[in-house]
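Chemist: Read off the chains here:
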Amino acid sequence: MIKANKELFNEPDCSINKAKEAKERIKGCSKPVPGKASGGCAFDGAQIVLYPIADCAHIVHGPNLCCSHSYFTRGTRTTYKEPLYNYGFSTDLAETDIIFGAEKKLLNKINYVNDHFKPRAIFVYSTCVSAMIGEDIDRICKEAKDRLNIPVIPVDSPGFIGKKNYGNKLAGEALLKHVIGTGKPHNTTKRDICLIGEYNIAGEIWNIMPLFDELGIRVLSKITGDSTFDELTYGHYAKCSVVICSQALLSLARKLKEQFNIPYIQGSFYSMKEIKKTLLNIADELQDKPLRKDILDLTKRKEVETYKKIVPYAEKLKDKKVFIYSGGVKSWSFVYLLEELGLEVIGTSTRKSTDEDIEHLKAYFEGKQKILMEQGDGIKILELMQKHNADLLLAGGRNRYTSIKGMYPFVDINQERLHAYSGYKGIIRLAKDIYNEFSSPVFKIARGPF
Amino acid sequence: MGELKVVKKDGTTNPLKKSPLLGATLAMAGINNTLILHHGCQGCTALTKNLLTAHFNEVIPVSTTASSDIATIMGGNNIEEAVNNILKNKTPDLIAILSTTLVETRGDDIFGELKTIKNKLSLNCPIIYINSADFIGDAEVGFAKAILELVANISHEKTETTKKINILTNFSMTCGDLLELKGILNDFDLDHTILPDISSLSGSCNDYPGLIKSSITLNDIKSLSNSEATICIGTSMLKVAEYLKDYFNVPYYFLPSITGVKYTDSFFTLLEEMSGKKRKDKYILERNILIDSMLDCHFYLTNKNISIAIEPDLLYALSYFLVEEMGTKLEAAVTTNNSDIAEEIPTNNIYVGDLEDFLDELKHSELIISNYYGLLVSKKKNIPIYFAGFPIKNRLGYHLKSFIGYRGTRDFLFDIANIFLDIEEEESLIKII
Ligand code: SF4
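Those protein sequences? They're chains A and B, same order as listed.
Throughout the first sequence, residue numbering follows this note's numbering, covering 45 to 494 in sequence.
Throughout the second sequence, residue numbering follows this note's numbering, covering 198 to 630 in sequence.
Think of the hints as simulated: they come from the structure by calculation, not from any bench.
Be careful, since some hints might not be right.
To be verified - Calculated pairs, DSSO-like style, for lysine-lysine (alpha carbon to alpha carbon, straight line, at most 30 Å): (1) A:K189 / B:K202; (2) A:K344 / A:K364; (3) A:K424 / B:K206; (4) B:K410 / A:K424; (5) A:K125 / B:K590; (6) B:K475 / B:K379; (7) B:K287 / A:K449; (8) B:K577 / B:K598; (9) B:K419 / B:K379; (10) A:K412 / A:K317; (11) A:K488 / A:K424; (12) A:K364 / A:K476; (13) A:K162 / B:K202; (14) A:K162 / B:K206; (15) A:K424 / B:K590; (16) B:K315 / A:K80; (17) A:K148 / B:K205; (18) B:K560 / A:K125; (19) B:K202 / A:K488; (20) A:K320 / A:K352.
Note that the structure is a prediction, hence the values are computed from the model and not measured.
Go ahead and model the full structure; you've got the sequences and the hints to work with.
Modeler: Rendered as structure tokens:
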């Protein structure tokens, strides 16, 4: 067993001490409770944001686990032909590296990846172990960058620094510090926007892009779903940024505003109501009156079409009771979406939700008996479903097995979701998926007497 | 049989090996009413659980001490706080603390901490500590280590010799294997303790889990020392068998695998000797069917080139059968730790390495066998892949497949032969067109 040199921790330049400052900056981020905590670490969160950049390589400076348990697992999709995020690069720290340091090893790995995979840029992640032994990834990245002539970007995201959400923010910081603002687009238009916080899980972005295309809105920079490096470099030329369903990257939008004077709005593309609202907000932010009219026309047409297309499913969905266990913006935008489909939402969770999210919900639920559940576990969710005679659970993949154990129909709306539910196409898809759940004969057999 | 080569390079590209933490977690998921507590940051737990859940389609309850802020990085008493929080609504029979690389790097005095906790919280269940940092090896090593620590800390001195036998199962054995194994043992009326028994991960326990469910209880572990003998399946578990022999005088029989004709024959002979009973007729029938299947399949398999990237015990089980009993060639093998069995693998080309090394070695292979991550190699090289090992995230029900005994071997054989059959059919179709 190795004793870490505790003196290292007094070294002002050590990455932990730097991390400490960062940590202190995030007041309000709650500390995980020993024995109760669940969910990913900051490192995991940083990867979620940066992995979708398909022409970049990601090197994990850490022990085997960090990379080997996380690569090739993300649900992000891309149009890029051979996305480099299918590769897991790791320095695979060994005991000797802990004693003698592994900066040379990291440098060699960076060189190797550059030679063999020709990435447009390389992101280097620190992890609990590399940060604790005081590896200076900033310096290594700089050295590598100068020599290789491609961006080599340090992401200081050791797991112990915070939860997944905080890692999202750190990734945003890294983009802001090293990427955004370094490039220039061929041309600009007055309808250039920047999408923030949509990672194209299950292809969600592809449900939204046709709307922008039809409206003549140009998505100059996608941060980061279905993106490549270059478009991120000139994100600061956008006329407005749109933060989609993400609290974590709100800080990035705010800083874009501070640094480059780009106004931002928050939006969601779940539910017809939200799609329309978000698009109109974009038009207002761009101060584009004709666009406003186009949006009204388009959304009207699309709504009619969508309602028509969900008719075959409507009967089975009508008045069914659903509980939503998801955080943040989704907690309310999915409420709208489900009610548009004719279901009755009996409640939703408010974990990871901001005061603003909760206000949305309260206003919407006003006067009705609805459940707002804070952090809950599988057992609590099941109890609640039973008590209120719920028919369906909408939640993240982790609760798929909650629903299976309780033998409830289930649709996954988080990270591991199978289908995209954004845009008008997504609404129809969700109707179909819920319809399928309600059509399955399995539940009757499973619950039935034996 | 070649010498095991270790690829010397800086770091890995597409690692094949998984963490000891994962192996140790899986091992402890085979002991009833255990509370598994990872000591480290929550990220390691989340990533490990994700893989386990994706593979088994079941949730394994695992908690974390969630080391987070600077104070904890410098060492803190998160274990105590975590145990305290969990015991508020759970009553485990055993608490297993599995350390992550972070706390081992930090050099925590975990033993000291546990002592304090035991006194302070007046626990009425044992608490064990397993070093499952990445430095100790891979998931197979972590799995064996967890069981070794369990036996070393929980089993009591021999008080009598019972008719019971201990069966040691290894990391790569599936739920399907465990179910098959239990069926066989029951058919011999052998009283047994399977260590560990992960078969409840097949979905057979239908309530919402708070603690581990398994057929093996703490008392079973305590009295391992009283058993008449141990049967050790897989080289990685030998250390445990040796421990039981050295400390409690329990003799052991070792089988590196129970896949294929030779090893299944040996296994059945052993069970006949131990139980004093003849095998049931159905096993004679099963053997006949397997032999017939091998004759049927050999047209498609003889001299075919196969390459395998997987943990050592499973690598040996599958490659021994395919090469020595079915006549295929093993072009290349990549594995995850320097197990003693590696040198017995029937190829000259065997490495401890990652999937990049594996890819480099594929020259004539017509089929690869690997876990989910092998998919990338298969795509890149345009070679069909058969999924085995851990994890398999893109196939349903693979954790229920069995590779052991006459029946498991037969099913595996047909799976492989059908892939070659498809290839040949396709080729002849192309000719016709
Ligand atoms: S918690 Fe730390 S060691 Fe674990 S995966 Fe996250 S960064 Fe890696």
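Chemist: For every hint, state whether the structure bears it out.
Modeler: Status of each hint after checking the structure:
1. For the given pair, K189 of chain A sits about 34 Å from K202 of chain B by alpha-carbon distance, which is inconsistent with the 30 Å threshold.
2. Between K344 of chain A and K364 of chain A the CA atoms are separated by roughly 26 Å; this keeps the pair inside 30 Å, and the hint holds.
3. As the CA atoms of K424 of chain A and K206 of chain B are separated by approximately 49 Å, the hinted pair breaks the 30 Å bound.
4. With a CA separation close to 20 Å, the supplied pair K410 of chain B and K424 of chain A stays within the 30 Å bound.
5. Proposed proximity of K125 of chain A and K590 of chain B is supported: the alpha carbons are some 23 Å apart, at most 30 Å.
6. For a cut-off of 30 Å, the pair hint linking K475 of chain B to K379 of chain B stands: about 17 Å separates their Cα positions.
7. For the suggested pair K287 of chain B and K449 of chain A, the alpha carbons sit about 19 Å apart, so the restraint of at most 30 Å is met.
8. About 27 Å separates the Cα atoms of K577 of chain B and K598 of chain B, which keeps this hinted pair within 30 Å; it holds.
9. Taking the CA atoms of K419 of chain B and K379 of chain B, the gap is near 21 Å; set against the 30 Å cutoff, the hint holds.
10. Distance check on the hinted pair: K412 of chain A and K317 of chain A sit about 20 Å apart at the alpha-carbon level, within 30 Å; holds.
11. The straight-line distance between the Cα atoms of K488 of chain A and K424 of chain A is roughly 23 Å, inside the 30 Å bound, and the hint therefore holds.
12. For the given pair, K364 of chain A sits about 14 Å from K476 of chain A by alpha-carbon distance, which is consistent with the 30 Å threshold.
13. Using a Cα cut-off of 30 Å, the hinted pair K162 of chain A and K202 of chain B holds, with the two alpha carbons roughly 28 Å apart.
14. Between K162 of chain A and K206 of chain B, the direct Cα distance comes to roughly 19 Å. Compliance with the 30 Å bound is thereby established for this hinted pair.
15. Restraint check: the Cα-Cα separation between K424 of chain A and K590 of chain B comes to about 28 Å, which is no more than 30 Å; the hinted pair holds.
16. A C-alpha spacing of about 20 Å is found between K315 of chain B and K80 of chain A, which places the hinted pair at or below 30 Å, so the restraint holds.
17. Between K148 of chain A and K205 of chain B the CA atoms are separated by roughly 15 Å; this keeps the pair inside 30 Å, and the hint holds.
18. The hinted pair formed by K560 of chain B and K125 of chain A meets the criterion: a straight-line CA distance of about 25 Å does not exceed 30 Å.
19. With a CA separation close to 55 Å, the supplied pair K202 of chain B and K488 of chain A exceeds the 30 Å bound.
20. A distance of roughly 18 Å separates the Cα atoms of K320 of chain A and K352 of chain A; the hinted pair therefore holds under the 30 Å criterion.
Of the numbered hints stated above, those contradicted by the structure are hints 1, 3, 19, listed in ascending order.
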